[in-house]
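Generate the whole structure from the sequences, applying the supplied hints.
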Amino acid sequence: MTATTADLSFKFHFVTNGRAQGFAKKGSANNDSIILGKDVLKYDDIIDTTTRDQRIVLVLASTVNLAPNLSKSLAGGSSLVLEVNGSKARELERQIDRITSQKAIANRKHNLLQLGQGDLLRAVSCPECEAAVDLTDFERTSHIYCRFCESIFKENQPTLTKGDTYRICDECGMFDRVKGYTEFYFYFLIFIYGFSYKRRYMCDHCAHNLFVKMFWINLIFLLGIPFALYVKFKSMTGRSPELQQLSRANALAKKGQYQKAESIYQQLYQHHLEHPGLLLNEGIAHLNGKDGEGALHCWRRSLQSCANYHPTLRLLYSLQKSGQ
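Read in order, the letters of the sequence shown are residues 218 to 541 in my numbering.
It should be emphasised that the hints constitute simulated quantities derived from the structure, not laboratory data. Do not rely on the hints blindly, as some may be mistaken.
Cut-off 30 Å, straight-line C-alpha distance, at most; resulting in silico cross-link-like pairs (BS3-like, lysine-lysine) [what the hints assert, rightly or not]:
| # | residue 1 | residue 2 |
| --- | --- | --- |
| 1 | 255 | 305 |
| 2 | 371 | 326 |
| 3 | 242 | 289 |
FRET-style restraints, in silico, Cβ to Cβ [what the hints assert, rightly or not]:
| # | residue 1 | residue 2 | range |
| --- | --- | --- | --- |
| 4 | 224 | 279 | 23 to 31 Å |
| 5 | 517 | 286 | 45 to 53 Å |
| 6 | 254 | 234 | 16 to 24 Å |
| 7 | 537 | 474 | 22 to 30 Å |
| 8 | 286 | 446 | 42 to 50 Å |
| 9 | 224 | 359 | 35 to 43 Å |
| 10 | 453 | 507 | 27 to 35 Å |
The beta-carbon is built from N, C-alpha and C at its ideal position, and this holds for glycine as well.
What follows is the structure, given as structure tokens:
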């Protein structure tokens with residue numbers, strides 16, 4: 218797999234402490250590196266990316282040797298956060314993911330060839346973002362997970378669930394439709410008034426909880442009520458018909474009512490047979506209902522369906538580490 222991506226030009230601001238800094242700078246991404254103003258960032262120095270709205274987070278390797286200007290713009294010690302003008306943040310992320318993943322596969326192939334094990338290499342291209350997914354260390358299963366865009370697909374087939382829409386919720390850790398919401402509060406205290414807001418990314422059920430919180434806090438001053446109602450409207454519309462009841466099943470799962478949740482998940486499996494994300498959720502339902510054996514059974518099925526499904530692997534690792 219070789220990257221043949223066209224150059225991408227964009228304008229950006231560095232983000233520190235949550236705020237975009239200074240005037241917009243010119244940037245570009247080609248097959249060899251990313252140019253940020255006058256500084257160069259190599260693809261080999263980037264180990265992960267995340268995009269939220271216009272902002273992209275570049276997680277850097279601990280061994281990276283940055284130019285002074287880039288070092289001053291680090292957020293959290295090992296990440297660069299860029300606010301990209303227009304709608305190019307997602308495009309930039311996908312270009313970075315395509316090139317870094319293809320470089321990683323090339324390095325993996327080289328190392329295996331040196332060991333005389335070149336035939337063990339197994340990689341596929343994600344039909345959604347075109348990143349190279351390394352499956353060398355995993356059993357062959359019916360589903361494949363792209364850790365770059367979080368989409369789930371079957372080999373040589375279209376995407377089953379697109380990670381742009383259906384992925385793990387930042388707030389509760391369950392598979393569902395995830396959107397960005399503005400949490401807004403207005404206050405008025407005699408001679409003092411103002412408002413506060415922030416962006417949050419969450420599933421439909423978590424958005425319902427946010428709506429309830431915003432509604433009651435804003436009720437006394439009324440002006441914030443339309444923002445709360447919009448959160449509710451946004452969380453209830455535009456769902457995929459095949460996953461219409463997913464939020465309801467997840468709500469029951471969070472309460473540990475796994476028998477009621479299971480009946481809904483069974484209906485969802487009719488359209489998404491053995492979907493690893495749905496099986497992850499069903500396992501969480503059993504765990505919350507104090508049924509550890511049922512939880513493990515669901516998570517085994519999740520990995521038997523998709524051996525490289527990182528959310529299930531991460532959950533099992535965290536539970537093992539905590540001794541549960």
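> Does the structure break any of the earlier hints, and which numbers would those be?
Replying inline: none
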